[in-house]
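*Asks:* Chains A and B, in that order, are what the protein sequence lines are. Heads up, the first sequence is in the numbering used here, so the first residue is 1 and it goes up one at a time. Heads up, the second sequence is in the numbering used here, so the first residue is 230 and it goes up one at a time.
Among the clues, some could well be false.
Capping the alpha-carbon separation at 30 Å, the derived lysine-lysine pairs in DSSO-like fashion look like this [to be verified]:
{"#": "1", "chain 1": "A", "residue 1": "85", "chain 2": "B", "residue 2": "317"}
{"#": "2", "chain 1": "A", "residue 1": "54", "chain 2": "B", "residue 2": "311"}
{"#": "3", "chain 1": "A", "residue 1": "65", "chain 2": "B", "residue 2": "368"}
{"#": "4", "chain 1": "B", "residue 1": "404", "chain 2": "A", "residue 2": "54"}
{"#": "5", "chain 1": "A", "residue 1": "8", "chain 2": "B", "residue 2": "289"}
{"#": "6", "chain 1": "B", "residue 1": "292", "chain 2": "A", "residue 2": "65"}
{"#": "7", "chain 1": "B", "residue 1": "244", "chain 2": "A", "residue 2": "54"}
{"#": "8", "chain 1": "A", "residue 1": "10", "chain 2": "B", "residue 2": "311"}
{"#": "9", "chain 1": "B", "residue 1": "341", "chain 2": "A", "residue 2": "8"}
{"#": "10", "chain 1": "A", "residue 1": "85", "chain 2": "B", "residue 2": "289"}
{"#": "11", "chain 1": "B", "residue 1": "317", "chain 2": "B", "residue 2": "292"}
{"#": "12", "chain 1": "A", "residue 1": "65", "chain 2": "B", "residue 2": "317"}
{"#": "13", "chain 1": "A", "residue 1": "8", "chain 2": "B", "residue 2": "387"}
By construction, these hints were calculated from the structure, which means they are not laboratory data.
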Amino acid sequence: MKEQDNEKFKRIDTLIDRFIHNEMTAEEEAQFMAEVKADAELSEYVRTTMQLIKGVQKVAQEDDKNMVQMLKEASPQDAYSASGKKYPAYRTMRFWQSCAAIAVAACLCVFVINQHITNLRINETINNVDLPTSMYERSVEEPKDFTSIAENISEGKFLTSTIVQLEAMYQECITPEHTDTQTQAVVGWYLIKAYIRNGQKEECIPILEQLIKNNERDADAKALLKQLK
Amino acid sequence: MTINSTNETARTLAKRFDEIERKTIPFLRHRYGQQLRDEELEDVFRDSCIVVYKNAKAGKLDKMTSTLSTYQTQICINLCNKMINRKKGLNVVPLTESADDLREERALSMDKVSQLSDAVSENECDDSEAVFLVREVLKKIGEKCKHILMGMYADHFKQEVIAAQLGYTSADAVKATAYRCKKRFKEMFTSSHH
């Protein structure tokens, strides 16, 4: 009996499906309607099915309408929080915070560009200083050879040991008994180049001041001192 | 006060998005599982929530021709296609707002539903009461049945789509379950009604 009922309702389900999808001929429709009206159980089944279809659509419409209204009223933070996405930090900034962030970024940019330009000028100045690769000192017969020092500085190799070597030579040059200012200038400039190549700009200043003291017309020393300061 | 109401809104929205996600992710996995990982699908869904939010704000959802669930699924499909194209290094993204490939090709005629409804109506309860009862029954009928009935009659999803959403292997399984769900609905609705 139950099996028969199942078959009956399955058949009616198919007919309902065809009817509501407008797939029946007028004759089939009339036959279907007559069958439904003649059987109270079928009528009840069809009625409940129609209430299901209309009810489900109405429920979905109401839920969607409420959801859309809620989305319209929701803040971006609510929407991001509901979606599980992280709300972008910059969006929570107030106007003055955004302005401050932009100002800081602009200052940083100006600072970086300025530093870059200064470095370019410093490099240009020291590249302009032409230094001999060997020279005679008045009191010594052997010439001082700067070939390997010049190579190390230009290639940026063994800078620490080159600086130690040049510092020793420079200390020797500036002793009171040593009066050869030309040697002082050559060693001093090599040391300055090595310091700059090694990023030790501060150490160049006393050497440049000494060079200017020895020769007030040393334009390169004056220009570099100005740039470093 | 504002903070509480904001949290409440977020919670309610999250609950609704969760409901949609539970059926959308399995469907996307079924369709794009070969090309996209689960985390990517979840990202796609989260992005789709923001798209829905922005479109609602812009008034684009005021006159929808489909349910929100169908609409969001279609957005997810578009986002998945976009992601796959980006992975392949393609710039051309064929975006579509249409939900046609998800929905039944046979259009449900509401005129016919009304005609049949009028023919068997006994004026026992008005529409709003019936809707209230349907809502109550849907709450109790179980997640799977609710999903199938909403999918068939509200979203008008193809049975293949519902099968993918539920992780079924075929549309026939949906058909068989739908029959059982309708039967259960009838029993629950009749007992609530009386």
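*Asks:* Work down the list of hints and note, for each, if the structure agrees.
*Replies:* Each hint, compared with the structure:
1. Annotation: proposed proximity of residue 85 of chain A to residue 317 of chain B holds, straight-line Cα distance about 25 Å (limit 30 Å).
2. A hinted pair counts as satisfied when its Cα atoms are at most 30 Å apart, and residue 54 of chain A with residue 311 of chain B does not qualify at roughly 36 Å.
3. Between residue 65 of chain A and residue 368 of chain B the alpha-carbon distance is near 19 Å, which keeps this suggested pair within the 30 Å criterion.
4. For the given pair, residue 404 of chain B sits about 20 Å from residue 54 of chain A by alpha-carbon distance, which is consistent with the 30 Å threshold.
5. A threshold of 30 Å between alpha carbons decides the hint, and for residue 8 of chain A with residue 289 of chain B the separation of about 45 Å lies outside it, so the pair is violated.
6. For the suggested pair residue 292 of chain B and residue 65 of chain A, the alpha carbons sit about 10 Å apart, so the restraint of at most 30 Å is met.
7. For the proposed pair residue 244 of chain B and residue 54 of chain A, the alpha carbon gap of about 24 Å is at most 30 Å, so the pair holds.
8. About 43 Å separates the Cα atoms of residue 10 of chain A and residue 311 of chain B, which puts this hinted pair outside 30 Å; it is violated.
9. Between the alpha carbons of residue 341 of chain B and residue 8 of chain A the distance comes to roughly 22 Å, so the proposed pair stays at or under 30 Å and holds.
10. Distance check on the hinted pair: residue 85 of chain A and residue 289 of chain B sit about 22 Å apart at the alpha-carbon level, within 30 Å; holds.
11. Proximity of residue 317 of chain B to residue 292 of chain B is assessed by CA-CA distance (about 36 Å); at most 30 Å being required, the pair is judged violated.
12. Of the supplied pair hints, the one linking residue 65 of chain A and residue 317 of chain B is violated, its CA atoms being roughly 38 Å apart against a limit of 30 Å.
13. A threshold of 30 Å between alpha carbons decides the hint, and for residue 8 of chain A with residue 387 of chain B the separation of about 25 Å falls inside it, so the pair holds.
Violated hints, listed in ascending order, are 2, 5, 8, 11, 12; each of the other numbered hints is respected by the structure.
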